[in-house]
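Protein chains in written order, with our numbering: chain W, 1 to 226; chain R, 1 to 234.
Rather than coming from a laboratory, the hints here were simulated on the basis of the structure.
No residue lacks a Cβ here, since even glycine has one placed at the ideal position from N, Cα and C.
Some clues are possibly wrong.
Straight line, CA to CA, 25 Å or less: simulated SDA-like cross-link-like pairs of lysine to any residue [what the hints assert, rightly or not]:
(1) K177/W to T150/R
(2) K49/R to D199/W
(3) K43/W to S114/R
(4) K151/R to E11/W
(5) K43/W to S60/W
(6) K5/R to T135/W
(7) K144/R to E9/W
(8) K144/R to T112/W
(9) K150/W to K151/R
(10) K177/W to M180/R
(11) K188/R to D199/W
(12) K18/W to A17/R
(13) K151/R to G210/W
(14) K5/R to F32/W
Chain R is faced by these chain W residues, among others (derived, beta-carbon under 8 Å) [claimed, not checked]:
(15) I7
(16) E11
(17) G27
(18) I48
(19) A54
(20) S88
(21) V101
(22) G115
(23) A124
(24) N130
(25) S207
(26) M217
(27) T221
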Amino acid sequence: MNETQQIYEKEYIPYSIKWGRLTSLIGVAASFFPVIILSFVFKIVPAIDAIVAAATIRISACLVYYFIEPISFQPVLGIPATYMAFLSGNLSNLRVPCSSVAQKAAGVEEGTPQGAVLSTIGVAVSIVVNLAILTLGVLLGAQIIEMIPKDIVAALVYLVPALYGAMLMQMVLYAPKIAAISVPLSLITLAISKTGIFDSSMAILISVFGSIIIGRMLMNTGWLND
Amino acid sequence: MDYLKIANSGWMWFAVAIPMAVLAAQVYLLLTRSLKDGRRMGVSNDQIKSAVVASASAAIGPSVSILTGMVSLMVMMGAPIAWMRLSYIGAVMFEMTSADVGAQAVGVAFEQSSMTAEAFANGVWAMILGSVGWIIVSGLFTHKIDGLRTKLAGGNQKALPIITSAATLGCYCSLTFNKMYPVSIDNKNIYATIGGALAILVMTMINKKCKAKWINNWSATIAMIVGVAFAIIF
Chain W
1 MNETQQIYEK EYIPYSIKWG RLTSLIGVAA SFFPVIILSF VFKIVPAIDA
51 IVAAATIRIS ACLVYYFIEP ISFQPVLGIP ATYMAFLSGN LSNLRVPCSS
101 VAQKAAGVEE GTPQGAVLST IGVAVSIVVN LAILTLGVLL GAQIIEMIPK
151 DIVAALVYLV PALYGAMLMQ MVLYAPKIAA ISVPLSLITL AISKTGIFDS
201 SMAILISVFG SIIIGRMLMN TGWLND
Chain R
1 MDYLKIANSG WMWFAVAIPM AVLAAQVYLL LTRSLKDGRR MGVSNDQIKS
51 AVVASASAAI GPSVSILTGM VSLMVMMGAP IAWMRLSYIG AVMFEMTSAD
101 VGAQAVGVAF EQSSMTAEAF ANGVWAMILG SVGWIIVSGL FTHKIDGLRT
151 KLAGGNQKAL PIITSAATLG CYCSLTFNKM YPVSIDNKNI YATIGGALAI
201 LVMTMINKKC KAKWINNWSA TIAMIVGVAF AIIF
């Protein structure tokens, strides 16, 4: 094992798991602070059956995603960035693209120890930028933000699809042979999901792991050797 | 008392500052360690600088988009909750739905004129209880999921980059094609994706000829602008 691998496996990853997991689980408890303040300072406590009713609707609607999203995005983000991305939210429209953008700009290979480091830096930077912009928005107030011309707001909707197209092209150019599998696989999976046999979130999971498994099998045949 | 007075009170700012501090602590701990160990693993300062510039510029557009979505949440649930929920765990659609479901569960319509303090509080409960599942699962199982990836690699160091590239491709294929559905000339997302993809294609070709660092740093941001332009023009 070379020195980089040694540092990655014996120091960087154990540290990230220990502190990432701890802060995420503290984050779960901390997220209840607003309702604690509402209950104890303002004495506003909804009827328990109202809390349970609303929570049941939301949890049952999202339950599958709690599992599918970490499983689908973790191989893309790497361990440390996964903790941060899920604690900060806005995964697919911000954290995942920023992880890829950072790795590409630095010119590191995805899935390597350096890749995990740059992915973490990318996600961390996106958290800071997102927070700065939202804080500015809060300071300016809703009325000022509503003054942004409607045309610009409408155009902003296309930023994320454009970013996806860019990231996909980047990956296709980087790994064309794997793309030859992933692209048709995803198209077929998506087409099936639109018939309603399974949900579109399931389609991501199948695309990710289908690509991984077929890619791994092709690697054994030697087709990917170059 | 008007529920928005409570929702925008100093106490609510205090309440949301606590979870935000936990997020800040996590980012600080993992980022400083990444910088420190990254350098030991051969990551150069130039690479870090490029990554920061590229990621920061790419994050601006989507963040402004989140900001415009935050307005509706601010109007209904007050600034502190909107600010915290969109930097912590949540996303606009999820939070609006949760607040709506919470209000309805106490028998109140999700409109500013009819909202009560109880409906507001129940909306906050629904947001929190509906979203902690993601952090619990990612907090508890992230390293287990990584074990799966390592197992698929079967102890072959060379397999991990291939597996990760395949995963990333699968991920972006799915996200992109989902935006391109339904396939019709009215779906402007299609023009946006094509614009973004073409921009990257052209910039990669230019970059092969004349290794320009600025292209690496700004390609994602430029591609987003081109994609939006495509969607507006066509």
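Hint check:
Restraint check for K177/W and T150/R: satisfied, since their Cα atoms lie roughly 22 Å apart, inside the 25 Å limit. Under the criterion of a C-alpha separation no larger than 25 Å, the hint pairing K49/R with D199/W is inconsistent with the structure, at around 40 Å. Restraint check for K43/W and S114/R: the C-alpha separation of about 20 Å stays at or below 25 Å, so the hint holds. For the given pair, K151/R sits about 20 Å from E11/W by alpha-carbon distance, which is consistent with the 25 Å threshold.
Taking the CA atoms of K43/W and S60/W, the gap is about 28 Å. The hint is violated against a cut of 25 Å. Restraint check for K5/R and T135/W: the C-alpha separation of about 20 Å stays at or below 25 Å, so the hint holds. A threshold of 25 Å between alpha carbons decides the hint, and for K144/R with E9/W the separation of about 14 Å falls inside it, so the pair holds. Distance check on the hinted pair: K144/R and T112/W sit about 18 Å apart at the alpha-carbon level, within 25 Å; holds.
Between K150/W and K151/R the alpha-carbon distance is near 50 Å, which puts this suggested pair outside the 25 Å criterion. Among the hinted pairs, K177/W with M180/R is consistent with the structure: their alpha-carbon atoms are about 23 Å apart, no more than 25 Å. At roughly 23 Å between alpha-carbon atoms, K188/R and D199/W fall within 25 Å of each other, so this suggested pair holds. For a cut-off of 25 Å, the pair hint linking K18/W to A17/R stands: about 24 Å separates their Cα positions.
Annotation: proposed proximity of K151/R to G210/W holds, straight-line Cα distance about 15 Å (limit 25 Å). The straight-line distance between the Cα atoms of K5/R and F32/W is roughly 20 Å, inside the 25 Å bound, and the hint therefore holds. Contact between I7/W and chain R, as hinted, is supported at the beta carbon level, the nearest pair being about 5 Å apart and thus within 8 Å. Using the Cβ-Cβ criterion of 8 Å, the hint placing E11/W at the interface with chain R is satisfied: the shortest such distance is roughly 6 Å.
With 8 Å as the threshold, the beta carbon of G27/W comes within range of chain R, its nearest partner Cβ sitting at about 5 Å, so the hint holds. For the restraint placing I48/W at the interface with chain R, the shortest Cβ-Cβ distance is roughly 10 Å, beyond the 8 Å limit, so the hint is violated. Against a cut-off of 8 Å between C-beta atoms, the interface hint on A54/W holds, since the closest Cβ of chain R lies about 4 Å away. Because the beta carbon of S88/W sits about 6 Å from the nearest beta carbon in chain R, less than 8 Å, this interface hint is met.
Checking V101/W against chain R by beta carbon gives a least distance of about 4 Å; that is within 8 Å, so the hint holds. Interface hint status for G115/W: upheld, as the beta-carbon distance to the closest one in chain R is roughly 7 Å, under 8 Å. Evaluation of the A124/W hint against chain R yields a held restraint, the C-beta minimum of about 4 Å falling below 8 Å. The interface hint given for N130/W is met, as the beta carbon of that residue sits about 4 Å from the closest beta carbon of chain R, less than 8 Å.
For S207/W, the interface hint holds, the least distance from its beta-carbon to any beta-carbon of chain R being 4 Å, beneath 8 Å. Interface restraint check for M217/W: the shortest CB-CB distance to chain R comes to about 10 Å, outside 8 Å, so the restraint is violated. Nearest Cβ of chain R to the Cβ of T221/W: about 12 Å, over the 8 Å cut. The hint is violated.
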